[in-house]
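Peer 1: Read top to bottom, the protein sequences are chains A and C. Start counting the first sequence at 0; every next residue gets the next number (numbering that gives the first Met the number 0). Start counting the second sequence at 0; every next residue gets the next number (numbering that gives the first Met the number 0).
It is worth saying that the hints were derived from the structure and are not from the lab. Among the clues, some could well be false.
Because identical chains cannot be distinguished in the list, a pair is counted as satisfied if it fits within a single copy or across any two copies.
Simulated crosslink set (DSS-like; lysine-lysine; CA at most 25 Å straight-line) [claimed, not checked]:
1. Lys38 x Lys267
2. Lys45 x Lys434
3. Lys333 x Lys434
4. Lys261 x Lys45
5. Lys45 x Lys267
6. Lys356 x Lys333
7. Lys45 x Lys386
8. Lys299 x Lys333
9. Lys45 x Lys163
10. Lys163 x Lys44
11. Lys44 x Lys373
12. Lys45 x Lys333
13. Lys38 x Lys56
14. Lys163 x Lys267
15. Lys45 x Lys299
16. Lys44 x Lys273
17. Lys299 x Lys38
18. Lys273 x Lys386
Protein chains: 2
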Amino acid sequence: MGNEVEWRIKAGDGSSEILVPERFGIGRIRHWIVRLGLKLLIFPKKAWELGVNDPRKFIHAIKVAIALTLVSLFYYVKPLYDGVGGNAMWAVMTVVVVFQYTAGDTISKTINRICATSIAGFLAIGVHWVANRAGDHVEPIIEGVSLFLLASAATFSRFIPTIKARFDYGAVIFILTYSLVSISGYRVDELWDMAMQRIFTIIIGTSFCIITSITVCPIWAGQELHVSITSNMDKLANSLDGLVAQYFIDQTSSVIDHESDKTLLGYKCVLSSKAAEDSMANAARWEPAHGRFRFRHPWKQYLKVGASMRSCASCLDALVGCVNLESKDNSDMKEQISGVCLRMSSNCASVIRELAKMSQNMTKSLSVDILVGKMNNTAQELQEVLKSNPINNNNDANPTKAQSSPQLVLMETFQLLTLASLLLEIAARVEDIAKDVQQLADLAHFLPEISVKALKQEKDLEGPCSQN
Amino acid sequence: MGNEVEWRIKAGDGSSEILVPERFGIGRIRHWIVRLGLKLLIFPKKAWELGVNDPRKFIHAIKVAIALTLVSLFYYVKPLYDGVGGNAMWAVMTVVVVFQYTAGDTISKTINRICATSIAGFLAIGVHWVANRAGDHVEPIIEGVSLFLLASAATFSRFIPTIKARFDYGAVIFILTYSLVSISGYRVDELWDMAMQRIFTIIIGTSFCIITSITVCPIWAGQELHVSITSNMDKLANSLDGLVAQYFIDQTSSVIDHESDKTLLGYKCVLSSKAAEDSMANAARWEPAHGRFRFRHPWKQYLKVGASMRSCASCLDALVGCVNLESKDNSDMKEQISGVCLRMSSNCASVIRELAKMSQNMTKSLSVDILVGKMNNTAQELQEVLKSNPINNNNDANPTKAQSSPQLVLMETFQLLTLASLLLEIAARVEDIAKDVQQLADLAHFLPEISVKALKQEKDLEGPCSQN
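Sequences are here, hints too, so could you generate the full structure?
Peer 2: Below is the structure:
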């Protein structure tokens, strides 16, 4: 900095002002280049890690490339080949645009593309025919007005939630196809041929997509949703268990490391899972029967389970805020209610884990009701303990406790009571999750546990679908 | 039901089974038709309401139609016109695909489309040139391998969060253009002409989009994000105020109606706002200076504010669960701490409202620090009240209270203590929001309140941008 020239402006009143280097000066540019270089160095490493952590991302990239190369070769080799202006283009374009990460999304886009192209094409040909008959002066007006009206209607329809969720892409393709046909200016019989060819090409393109998507390491949105809900349940249970144990059992907090910290904060994943779950459920409804899932599996119910889990996680978030979990004080009350609180949290966690097992195996569980009952009994017990003991005890104990001031003990008491209240509320919300999962079990016809055990003894589990 | 024929199967053991109507029987079809009819009847009404509630949705639909009709007419009238296979198609396609609801999204797609088309086009022409030189046998291999590698790399890059957020569409267009050019089979000089024309057409299409998007009732993602954050703050403040008042002041709970219920549950909007905020912030960073926002306004900071608000809302959610807000019991303790709790909640709400005002007007506020100080003082006071009074008092009062059982009073006490704890935690989280908003004020160079007042006296407020 020392050998840099400094520019000063002297004002009339004698004060001077240092001119700072201009915003896009050499120093700034150098700074930007260094930053860009660093980013470019880190970037490939990060990308590689992303793929190594979930190799299915690599596989998806290769699948897209396979479908694209196949469809290109198909048109390159075929005598049908007629350059980039022709049909090959539409097949390639279809593959690029339609191929998605999950099979459900690919199928959804495929169906949207084929239906929207067909409907818009035939509608445009019809309007074209009418406009042709109406005479040369009226023709552009009819074409223009119909394009305007249909484009605005289709664009507006994309704001309607049900359309947005299922037919958003279809609406875009509808506008695209309609406007392409209506400005084409071809004669109707030419148009008809072109439309047929176009639809045929799109079908070829989408077939390549769907076949590659479903046969080569398929990624089913339904399966993903199922796994995500189950693993979120485990995360929730581990967080709950861990956080309460950390407060009551000193030992755990002393050996806290990065790994266990990650476990404790698992509930945060649950809190932010809504968008991903919604999009997976949307894709899943397009998927055919796969693995243990039927067509029309109750995917919506998974969203309900997810919502209940988020509501439970948000209680846990409040708990982390309200209770100083690192506190090492051991008031009498803490000792008195630690047992029942720990049992409470581990009971809640057991219920969640049993629900996770239940949805993972897709079996009805005999023990869920028992575990919920146990949880509710512990909740009752906690209430009783709170009612009978602590407050009186604490007041008696305060004067005799030498190691902590009465103030500290009181704060500790508030924290304990808050923790207890939140635990009771968490138990209530866990019961909601249990209800939602039971409803899922009914809707998806989960097998009773006993018959599964019987089945397992006879042969390998084939899943509930084989029973319907 | 009475005159329906019932089918029974008699089994060998004498038991009989009623045959239920088959799954896709006439009854079921009739049921589906009625349901579909009902949906079709309700649908236009719902769609209309959607538009009436936010007329900008209608306006957007009309804007898209205008851009599309204009670009169609442009090519229909122009001598350039050469049918659907030619360039007109690319302009139309660009308008349909690029035009988005917010200006930011439109600009982002435009830049993505132009850059990706150019890069992929030139790269493909280069590879094509090399492949041409390499001889007829090697040419398809070079083309195929390069397509395979680039397509998989570009597809994989779409999983990388930074690319996903900013260049997702660009990656798709890159693959599309590269594969179209590489299978085109034209000579390099032909390709060069074609590429130039194509890029020129896309620039025409995107110009129509951007002009329509920015000039006709523009919808700025940044403005939307700004408004959404501000209105969420107000919702949070109203919920907080209302919920605590409902618990302590009986009067409000008796006049509860649908409208006030909506106000009380406003915090739920805050809880589920993440996805929308993320996408608006992503779009906003592409927008030029508009209204009171500079280019490179600190949109990321809005996301931080949003996250703090969600953390506060999740405490409020726990409060709604833990505390029976409809409770009409009036224990001594409730009376004793109602004053300070009500002040606590209204102080928190005042801070949030001041922050909302501050971000809405984009001015630094002198009173935020004072209000936060007041809130913290009340928090201190609440802690003092809790420490000194209630528990002792309650134990003394219990035997003499005739109207409620000691058990009930105790439950009430727990609820009160939980409420107090949660209020204290909410205050802490409100302080986090305040810190984030103050940071926003620094980053976005909000004007000091005083200079705003002075400015207002002189002339209408022109916003902070005019000061830079």
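Peer 1: Run every hint past the structure and note whether it holds.
Peer 2: Comparing the hints with the structure gives:
1. For the identical chains of this complex, Lys38 and Lys267 are neighbours neither inside a copy (28 Å) nor across copies (38 Å), given an alpha-carbon limit of 25 Å.
2. In this homomeric assembly, Lys45 and Lys434 never come within 25 Å of each other (Cα to Cα): the closest approach is 41 Å inside a single copy and 32 Å across copies.
3. With identical chains, the CA atoms of Lys333 and Lys434 are never at most 25 Å apart, being 32 Å at best within one copy and 34 Å at best between copies.
4. In the homo-oligomer, the alpha carbons of Lys261 and Lys45 lie at most 25 Å apart inside one protomer (20 Å), although the nearest pairing across protomers, at 45 Å, exceeds that limit.
5. With identical chains, the CA atoms of Lys45 and Lys267 are at most 25 Å apart within one copy only, with a shortest distance of 23 Å there and 36 Å across copies.
6. Taking identical chains as interchangeable, the C-alpha atoms of Lys356 and Lys333 are never at most 25 Å apart, the minima being 33 Å within one chain and 44 Å between chains.
7. With identical chains, the CA atoms of Lys45 and Lys386 are never at most 25 Å apart, being 55 Å at best within one copy and 52 Å at best between copies.
8. Taking the shortest Cα distances, Lys299 and Lys333 never come within 25 Å of each other, neither inside one copy (42 Å) nor across copies (42 Å).
9. When the C-alpha separation of Lys45 and Lys163 is checked against a cutoff of 25 Å, the pair qualifies only between copies, where the shortest distance is 14 Å, while the shortest distance within a copy is 33 Å.
10. In this assembly of identical chains, the alpha carbons of Lys163 and Lys44 lie at most 25 Å apart only when taken from different copies (17 Å versus 37 Å within one copy).
11. In the homo-oligomer, the alpha carbons of Lys44 and Lys373 never lie at most 25 Å apart, since the shortest distance is 49 Å inside one protomer and 50 Å across protomers.
12. When the C-alpha separation of Lys45 and Lys333 is checked against a cutoff of 25 Å, the pair qualifies neither within a copy, at 46 Å, nor between copies, at 56 Å.
13. Proximity of Lys38 and Lys56 under a CA criterion of 25 Å is satisfied intra-copy only: 22 Å inside one chain copy versus 39 Å between copies.
14. Within a single copy, Lys163 and Lys267 get their C-alpha atoms only as close as 28 Å, which misses the 25 Å cut-off; across copies the closest is 22 Å, which meets it.
15. Taking the closest pair of Cα atoms, Lys45 and Lys299 come within 25 Å of each other only across two copies (22 Å); inside a single copy the shortest separation is 35 Å, beyond that limit.
16. Taking identical chains as interchangeable, the C-alpha atoms of Lys44 and Lys273 are never at most 25 Å apart, the minima being 29 Å within one chain and 29 Å between chains.
17. For the homomeric pair Lys299 and Lys38, the shortest alpha-carbon distance between copies (19 Å) is at most 25 Å, but the shortest distance inside one copy (41 Å) is not.
18. Proximity of Lys273 to Lys386 under the C-alpha cut-off of 25 Å is found in neither arrangement, the shortest distances being 38 Å within a copy and 40 Å between copies.
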